[in-house]
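Q: The chain contents come next:
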Amino acid sequence: MRFALYCVLLCVIPAPILAQDSGNSAAETTIRALEREWVEGQSRNDTRVLDLIFDNNLVYVEYGRLVSKGEYLSRIKRDIPLTDTISFEGMTVHVFGNTAIVIGSYQEKQPHDRRHELKRWRFIDTWVYKNRHGWTLVAAGSSPIAH
Amino acid sequence: MKSLACILLIACTCLVAYSQEGADRATQSKLIALERIGKLQACQNKDIKTLDSILDEDFVHVDEQGAVMTKAQLLSFVQSADTLIFLTDAMIVKLHGDTAIVTGLFQLKGAARGKPFTKQGRFVDTWIRKGNGWVAIASLSTPPV
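Chains W and F, in that order, give the protein sequences. Per this note's numbering, the first sequence starts with residue 1, numbered consecutively. Per this note's numbering, the second sequence starts with residue 148, numbered consecutively.
Watch out, some of these pointers could steer you wrong.
To be verified - Taking beta-carbon pairs under 10 Å as the criterion, some of the chain W residues facing chain F (in silico):
1. D55
2. N57
3. V59
4. Y60
5. L66
6. N98
7. T99
8. I103
9. Q107
10. L118
11. R120
12. F123
13. I124
14. T136
15. G141
Calculated from the structure, these hints are not laboratory results. Note that the structure is a prediction, hence the values are computed from the model and not measured. For glycine and all other residues, C-beta sits at the position ideal for the given N, C-alpha and C.
All chains should be built: construct the whole structure from the sequences, respecting the hints.
A: See the structure below:
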């Protein structure tokens with residue numbers, strides 16, 4: 001009887017934990033892909049892709065300034081398409097149910113006096129899972145990494 | 148009969164929208180109060196117990212120099228600082244169900260190991276609803292423009 005109970009417990013208890021783990025891992029994979037999609041979309045000036053990724057109430061801090069989704073998309077539209085300006089150094093995704101935090105760092109190549117200046121940034125992005133939209137970026141910002 | 152049903156439906160919709168708006172406003176006020184309790188009171192008074200209850204165990208902070216701090220590191224910094232005086236301004240709360248983003252301007256004046264310092268810029272905090280309350284899971288500070 002005891003053995004049967006153990007078997008039942010072993011089968012039942014890990015199930016939600018496993019389900020949670022696989023759910024978090026799927027969310028993590030999706031979010032990592034979206035982070036890359038964002039960078040690629042930005043380098044191609046593809047505002048349609050960015051429009052799908054960003055929430056309409058996005059809180060975005062760009063170079064210390066708070067900008068709306070509309071302002072950010074307009075800026076991207078005006079920019080000259082660039083490739084390899086941003087390269088990720090690494091990121092960690094923490095999933096809290098329907099919310100996820102991404103912390104990481106990247107290098108940015110900025111034109112400066114006919115040369116390219118390399119700047120390193122640490123960022124925090126917040127993603128929220130919304131019905132009908134999936135994972136959507138609701139907040140993002142970065143700080144320059146001091147040498 | 149049809150028009151009466153329509154009026155009732157519109158009235159119910161308005162009532163639901165109005166009560167939702169009221170609930171959102173109450174949540175926004177609560178989050179601004181929590182920001183003030185955390186930054187203005189708990190940091191200044193080295194109230195670790197309050198900070199511990201406001202910050203999630205997995206809380207992460209990125210400061211304006213790009214340095215990462217865990218909850219334990221942040222609490223230790225507050226505990227060991229000689230003085231910490233926070234000022235906040237222009238706070239905005241954006242709600243996304245059980246997630247909230249609070250952004251605003253900050254100024255931090257303090258001293259650590261006898262050395263005075265001043266920091267200022269913009270913060271972006273992420274809060275999630277846990278049980279009956281809210282906890283902060285991430286905080287980013289960026290330097291001023």
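Q: Give a verdict on every hint.
A: A quick look at each hint next to the structure:
Nearest Cβ of chain F to the Cβ of D55 (chain W): about 7 Å, under the 10 Å cut. The hint holds. This hint holds: N57 (chain W) has a C-beta 5 Å from the nearest C-beta of chain F, less than the 10 Å allowed. With 10 Å as the threshold, the beta carbon of V59 (chain W) comes within range of chain F, its nearest partner Cβ sitting at about 5 Å, so the hint holds. Taking 10 Å as the C-beta contact cut-off toward chain F, the hint placing Y60 (chain W) at the interface holds, the least distance being around 9 Å.
Given hint, L66 (chain W) at the interface with chain F, holds; its Cβ is 6 Å from that chain's nearest Cβ, closer than 10 Å. Look at N98 (chain W): its Cβ gets to within about 7 Å of chain F, closer than 10 Å, so that hint holds up. The closest approach between the C-beta of T99 (chain W) and any C-beta of chain F is roughly 5 Å, which is under the 10 Å cut-off, so the hint is satisfied. Given the 10 Å rule on beta carbons, the hint for I103 (chain W) holds: about 6 Å separates it from the nearest Cβ of chain F.
With a cut of 10 Å, the hint placing Q107 (chain W) at the interface with chain F is violated, because the nearest CB-to-CB distance is about 12 Å. Taking 10 Å as the C-beta cut-off, the interface hint given for L118 (chain W) is violated, the closest approach to chain F being about 14 Å. A hinted interface residue such as R120 (chain W) counts as satisfied when its beta carbon comes closer than 10 Å to some beta carbon of chain F; here the least separation is about 7 Å, so the hint holds. For F123 (chain W), the suggested interface contact is upheld, since its CB lies about 8 Å from the closest CB of chain F, less than 10 Å.
The beta carbon of I124 (chain W) comes within 4 Å of a beta carbon in chain F, closer than 10 Å, and the hint placing it at the interface holds. For T136 (chain W), the interface hint holds, since its Cβ comes within 10 Å of a Cβ in chain F; the closest pair sits about 8 Å apart. A distance limit of 10 Å between C-beta atoms decides the matter here; for G141 (chain W) the minimum to chain F is near 5 Å, and the interface restraint holds.
This entry does not satisfy hints 9, 10, going by the numbered hints stated previously.
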